[in-house]
Every structure is written in C-alpha cells, then in structure tokens.
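Visitor: What follows is each chain in one-letter form.
There are 2 protein chains.
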Amino acid sequence: MLPRNPCLANIKAGYLFPEIARRRRAFTAAHGDDGKPENRVISLGVGNTTEPVLPHINQGLINGARRLGTPEGYQGYSDEGFMELRERIAGVFYGGQFGADEIFISDGAKCDIGRLQLLFGAKTPVAVQDPSYPVYVDGSVLIGAAGAWTGKGYGGISYLPCTPENGYFPDLAGLPRDGLCYFCSPNNPTGATATREQLQALVRAALDTGTLIIYDAAYGEYIRDNALPKSIFAIDGARRCAIEVNSFSKTAGFTGVRLGWTVAPKELAYAGGEPINADWNRISGTVFNGASNIAQWGGLAALEPEGLQEIRSLCDFYLGNAALIRSALQGLGVSCVGGDNSPYIWAHFPGRDSWDVFEDILEKCRVVSTPGSGFGPGGESFIRFSAFGRRPDVEEACRRLSRLGGAWSGHNARNDAGGGPETGGLPLFSQYSPRKKYSPAENPI
Amino acid sequence: MLPRNPCLANIKAGYLFPEIARRRRAFTAAHGDDGKPENRVISLGVGNTTEPVLPHINQGLINGARRLGTPEGYQGYSDEGFMELRERIAGVFYGGQFGADEIFISDGAKCDIGRLQLLFGAKTPVAVQDPSYPVYVDGSVLIGAAGAWTGKGYGGISYLPCTPENGYFPDLAGLPRDGLCYFCSPNNPTGATATREQLQALVRAALDTGTLIIYDAAYGEYIRDNALPKSIFAIDGARRCAIEVNSFSKTAGFTGVRLGWTVAPKELAYAGGEPINADWNRISGTVFNGASNIAQWGGLAALEPEGLQEIRSLCDFYLGNAALIRSALQGLGVSCVGGDNSPYIWAHFPGRDSWDVFEDILEKCRVVSTPGSGFGPGGESFIRFSAFGRRPDVEEACRRLSRLGGAWSGHNARNDAGGGPETGGLPLFSQYSPRKKYSPAENPI
Chain A
8 MLPRNPCLAN
18 IKAGYLFPEI
28 ARRRRAFTAA
38 HGDDGKPENR
48 VISLGVGNTT
58 EPVLPHINQG
68 LINGARRLGT
78 PEGYQGYSDE
88 GFMELRERIA
98 GVFYGGQFGA
108 DEIFISDGAK
118 CDIGRLQLLF
128 GAKTPVAVQD
138 PSYPVYVDGS
148 VLIGAAGAWT
158 GKGYGGISYL
168 PCTPENGYFP
178 DLAGLPRDGL
188 CYFCSPNNPT
198 GATATREQLQ
208 ALVRAALDTG
218 TLIIYDAAYG
228 EYIRDNALPK
238 SIFAIDGARR
248 CAIEVNSFSK
258 TAGFTGVRLG
268 WTVAPKELAY
278 AGGEPINADW
288 NRISGTVFNG
298 ASNIAQWGGL
308 AALEPEGLQE
318 IRSLCDFYLG
328 NAALIRSALQ
338 GLGVSCVGGD
348 NSPYIWAHFP
358 GRDSWDVFED
368 ILEKCRVVST
378 PGSGFGPGGE
388 SFIRFSAFGR
398 RPDVEEACRR
408 LSRLGGAWSG
418 HNARNDAGGG
428 PETGGLPLFS
438 QYSPRKKYSP
448 AENPI
Chain B
8 MLPRNPCLAN
18 IKAGYLFPEI
28 ARRRRAFTAA
38 HGDDGKPENR
48 VISLGVGNTT
58 EPVLPHINQG
68 LINGARRLGT
78 PEGYQGYSDE
88 GFMELRERIA
98 GVFYGGQFGA
108 DEIFISDGAK
118 CDIGRLQLLF
128 GAKTPVAVQD
138 PSYPVYVDGS
148 VLIGAAGAWT
158 GKGYGGISYL
168 PCTPENGYFP
178 DLAGLPRDGL
188 CYFCSPNNPT
198 GATATREQLQ
208 ALVRAALDTG
218 TLIIYDAAYG
228 EYIRDNALPK
238 SIFAIDGARR
248 CAIEVNSFSK
258 TAGFTGVRLG
268 WTVAPKELAY
278 AGGEPINADW
288 NRISGTVFNG
298 ASNIAQWGGL
308 AALEPEGLQE
318 IRSLCDFYLG
328 NAALIRSALQ
338 GLGVSCVGGD
348 NSPYIWAHFP
358 GRDSWDVFED
368 ILEKCRVVST
378 PGSGFGPGGE
388 SFIRFSAFGR
398 RPDVEEACRR
408 LSRLGGAWSG
418 HNARNDAGGG
428 PETGGLPLFS
438 QYSPRKKYSP
448 AENPI
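In order, the protein sequences belong to chains A and B.
The opening residue of the first sequence carries number 8 in the working numbering; numbering runs sequentially from there.
The opening residue of the second sequence carries number 8 in the working numbering; numbering runs sequentially from there.
Treat the hints as calculated values from the structure; they're not laboratory data.
Heads up, none of these hints are tricks.
Because identical chains cannot be distinguished in the list, a pair is counted as satisfied if it fits within a single copy or across any two copies.
Derived DSS-like pairs: lysine-lysine, alpha-carbon spacing no greater than 30 Å straight-line:
| # | residue 1 | residue 2 |
| --- | --- | --- |
| 1 | K273 | K19 |
| 2 | K19 | K130 |
| 3 | K130 | K159 |
| 4 | K19 | K371 |
| 5 | K237 | K273 |
Quick caveat: nothing in here was measured; it's all calculated off a predicted structure.
All chains, full assembly: derive it from the sequences and hints.
Guide: Here you go:
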C-alpha cells in the first residue's frame, strides 16, 4: 500500500475546535443535563456566530435560492466568483483601488489559506504571530513548509511572540528572509488590533526582508476606532508585499453559508518576477470550483446599503457581548485585552496551564472557552473568550463567572494592551481540588 | 522576495475550461453577434448544467436560506457536514454499508480531489486513465507528485490509455506499485462506463499492487443499464483500496450550489498501518470548513423520495440530450462512445488535431465543444460533447452539425466501445480552408 504523507505525522493532536467539542461532549456525558437553565453548558468557545442572518441579507439568500428554480435565473459554476460581486467588493472595501480580477471569491478565509500555501510550496520559511489562528501553522505543516513538533512549536516556523509586554505586536526582527508571514488584525485569538504605525512598520519590514504577508482581515468590520486600519491595503507599499484574505462569516453571519474573498494585487511577484495573481487564478481554477452561488447572491445583498447597515448592526451586537464578557473578567481582576475593536477577549491566567483553566471554567461554570495554548506556544496561560454567543447565554455565562469572584481577591483588572509589565495575581480557581485529567488515549488524533 | 512553488512552473497552459471560455470570447469578439438565433454561439462544451433545480429540491434550498433568518433555525459551521446528511447518503447510495463517519460532505468533487492529494504528498506515483478529467493530473502537479511536461504528458504520471481498441478500459499492467490511481466511471470525458467485471479486475489489481483508487463516481446516477455498478463499493474488496468522491452537481443541478461527498472507509490504511479515514477527517477540519449549510439542506431534500425522483428525471432529461447529440454525430458517420449511461459523448476524428476540430466546429457551426487533447495525450483527435445544454440549444446545435454532412460521406457511424479496430474516415471539415491559428502569446498562462 502507498505510504502516508510524512507531513501528516508532524501534525500533533486534534485540530483545536473538534477537540474542544469532544471535551464538551465528554463533560455533558459525565455530568448529564438536568434541564435546569442554570446548569446548561454555554459556549463562549468557538467563533461560530449565533444570531440569525438579518432580513435584507437573508432575503438575498432566499432570492438566490429561488432563482435557481427558474429557467431564466438558473446559474451553474461561477469559478473565481460573480464579476459583479468582485467589483462590488473592490468598491466597498478597497475604494476601487483594485480591479475585479484582483478579487477572488472564496468559500471562506480558512479554505483559501489552505490553498494559498500551494503558491509557495514546501521550502518557504513561515512566520506567524504567536499566538495565532491554527490553520496558518497546520496548513504549513500539511504542505511540508513546517516540520516536526519540537515541544515548543513546529520546526521551521518562526513564532513571533505577541505578549502583554509588547502590546501584542511582534518584534519584526524575527521575520525570516524571503518567507511568508501570516498576520491577523484584529487578531484572532488575542483581539488586539494593530495601529497604522504598526502596520506601516510591518509593510516596511516585509519589503526589506522579501517577506510576503498573508493578511487575515476577517474581523476588520469590528473596528470602531477610526484610526485603526481595516485592511493592510490602507498602507502604502502593501500592494507589493501582501495578499489579504477576508470573509463574510463574522460580519454577515455567514459562518455556515461559506463566503469570503482573497485580494491578490497584480503588482505582487515572486523572486523570479512571475506574477502571483496569475498563479492564484490558476490554482483557484484548478482545485476550487467557486463559492456557492446562493452565498454569492447573499453577498451581493450584504454589500447594498441596507446590507452594510445590517453588517454594522450585527458587529455592534457582538461587540456588546464582548463588552459584557470583558467587564465580567475585569470585575474579577483578570487581565485581558481585546473585545473593543474585535469579538475576542484574551484573558491571562499567569502561571496556569490553559487546558487546566479551560477544564476549570467548564466544570465550575459550565462555560466552554478556548484554551490559549491551542493557538501556539505563546498562548499558554491564556484563555480566549468569543463574543459570538446569544445575548441571554452571554449574560448567564457572565453571571456564573462573576460568582467565582472569591478566587481572585487581590487581582486587579487591567488592560494588557495598555503596556507595562504584568501585575501578579492569585491562580484562578486555586481553592478547588484537582480535577480529573483526560488521558492521551482519550484524544487519539 | 520569496520564490515560486517550483511545481507551478510545471503546469502548462491554462486550465482547459477557462481556455475554452477565452477562445469563445475571442470568437464572439471577432465575429460579433447579429442577434439572429441561427448565428448564436451554443455551448456543448463545459459540463455546466443548465436546467433549473427541480421544485422539491429547490424548496429545500429556499427553506434552508429562510431558516438562517430565524433564531431557532440559524446554524453556523458544519465542519464535516450535517450528521443527518452523512447518514442519509450512507443509506441511499451505499445501502448502509458505511457509517456516517465514513462519509464527508464537501463543496464538490473537484475541491476534495485537490485536498485528497494532501494525504499522500509529493512522492506518490500517480496513474490516471488517459484521457481523464484534468484536476487529477493538475492537482498532482501542484502538490509535486508529478513533474514537468515532457511533450507527451507530465513526468511521474502513468497514463493508462483508454482507446476504442480496448473499449476505453485501460491495461492494468500499467499501474505503478504503491501508488494512487484516479478512476472515473461513467467516465469524463469518454462517457464509457466500466462493467462489473472490469471494476472487479481494477480492485484485484489495486490490492495486488498496493494501489489506492480514488474513484470518481460523479456520474453514477446517469447509469441506466442495471448491470453496471454505480459505485466502486459495489465491488468486494474495494473498502480496502478505494476512496470514492461524488457530487450533487450533475444530478441535482448543483454545479453552482456546491455540494458533494467523499467516502473514506475505516478499513483503509497506509503502508505503515495508519488509518486514512482519521487523516482525512483531520485534513477536512484543517483546510476546509464545510459545505454551505443551505446547500446541505438542499441535499437533504434531494435524498427524500420526491428529490430522488427529481434526480432521476433530471438525469433522464440530459440523457435525452445525449441521445440527440450522439444520433447527430452518428448520422454524420462520426465514431463515438458514451451518451447512453453518461452525459458525455466522445467523438473520434482520426488524424485531426483536437483544437483544430474544436475551432472548426466553433467557426462552422458556432458550437462550443471540448477538445479531447485537453484531457491528456490520449484525447488527441477526439472531441467531447456535453449533454448539459438546454433542449432547444441542443436541437439547434444538432441541426447545424447535421448540415455539415457532406464532409463525412463514406464514414460509417459505429460505437467505439463496441470493440474492434477503428474504421477509417475522411478528415472532418477537410474541404474548408485553414483557419487562423491562435498564437501562444494570446494564451500566456
């Protein structure tokens, strides 16, 4: 029989979110569900949205589905996407600085990130913010651009630490030459948002080192501080060193609908001068067959004035959730960042193991969170809270968290991104007895 | 700047279908469109469906889009797919021989074929039927499992000729050891369908040589001869040597909706014994984020009794088109195969260059076809006709083709799959003067 792709042996454990789902199921199986609202398990974990699609955008989806049932409305393959959608994205999000042939419609940022690796192949040095969204690293391992797990990270990946001390913006001296750098702002998982000056420094460093930035702007519409750029293409020079991936998932409520886009500027070229845009067109046409046309009709509706208003109000709603979570955590004296211009709150539990804190929160509060260590070595001792829950669930989760207040006496709330060294604090939940550990056998992949 | 993935330099020319679209546009630009129905360009080219989605399935899509607008109906990410859809596919298409965790919902066969390459990596020998659907080979080149174009094919690919002489079933002695074999039946492009005995021989050869079959069954529902298997898993032993990809595209009219599935049996293992199903689950969860949930709700409707009836009648309709095309070609004395249990007709023009015949048919009949050489070296001198057009278009295209009858006098119609050596025939359109050739500069990628 044929051998396994050796890269697969390098991937450790399960992908983060399936593993969380597995632990949640194990918890529910062990503790049952007595039906009481106060005992219900609530998720502030995965970044899955929960609010219904708002009416104008929803009507776009419904109309799209309807027209497929009519001879005059029926459409088949759309390859790189509806030309009208590509044009509208270029206009709405990029002020027309790109042509439609520089915008590629995808079935979501994660899927395109997987395919983007094909542009560069197995020998490209890869840098990531640490912590970062898992697909950057896992995708690099799958394609062979990263090697085996060393205990502190994957071989061949340059981890650029993003910490309270550096305000969650990495030291760019760590960028390898002629490599790839994944950069996400507003960041998943930290919720930190890079300033214009920081992004200018990033573009400068990329041009100096021959780095191609793959900029993940999926949370750009959550930015409420107008001084913060929503796109890397707000920065001069970015067209020569950046590809941007983006998504309707978290803005139009399309996580399950699957629609996103990638911007590949025509100026972008490899070391040998070959245009990257043409290769991306070729890859998209070869191993992808277009986003669902129903999703694209929904996307068109989302970019009409009423749709844009709905995007604004949906993001505002989740930012309201984020403010509640952040306030509850700060009330407990937990240091955190994010939640102001992003839907994620990154909470620090100094000296604690992330999965231990995850299990503690699950057991004591029946709240599912996301262990920071799942986002890379730099996430250890952090927990990510997602603001994508239903409002009553978020309120109930915050009530449960707040009731644990006794555990944190003496730990003052502050904003990690505000700079300055971390203040000390009591380990979270330290008064509770040790909980049952999951054995590796329960987690085979 | 970082270097290009060296594999990209190996891919020649444009992907077949964008190239056809480009030539069609160039033809229309050069000849204009006078608005007369008899001068309209008609496509019997790409496999894009044209009939509206039938009512019951369409209502499934509409209801799916509607529920996203309601708090109780909203759903986000579905990862490997709705459990109910996975179960229903296992029941409807595989008689329950697979568990839901062996069925993975995809956004279409082509996309999964691209990702499947990640299971095996760059060093796996790859065999394909020749001719074959381009993504098998192009995807192998992208991942590095195939090398540079040699003039007769890509280095590292074993091309298994499928010819009139062997009834379009390849000599399995050509299978490399411990490699991958893509196999499509009913075949795209030839339209030939393998018999049970042929598939038994394929499975036996795979087990003998350590070959993993990636079986593309996307056209299985077009089979009307009950003796012909619709799935490789109708054959004993296939669970130990085959992955099957399949699709709703050509059966439910979902080419633009994007929905398919892949079957990865639990028995499948690599040389080292690692289970392939678990890796596929990991890859799907890492670089894919699920098919659109609206598409999946549509898929559920398609698998209800009314939906299955619609699938049957839609395939019957396109088979009716196929019969018209086949009859027109045979009436002209053109040898062809397919069109009986498949929506493709594979027409032979001995001694002619495929692109020349394509251009001739475009110029003389204003009919877009697909040059066989785009499907591999074995496709040279063939043309693929697709039955997915609208009925009046197909009828008009057949009328135009039939009017060229004078060019084929003395060439008797026969079925290539019927066996026996090819009979001779006059070169098609030989009485016409040479047409303008496209220069390579017009076709940069």
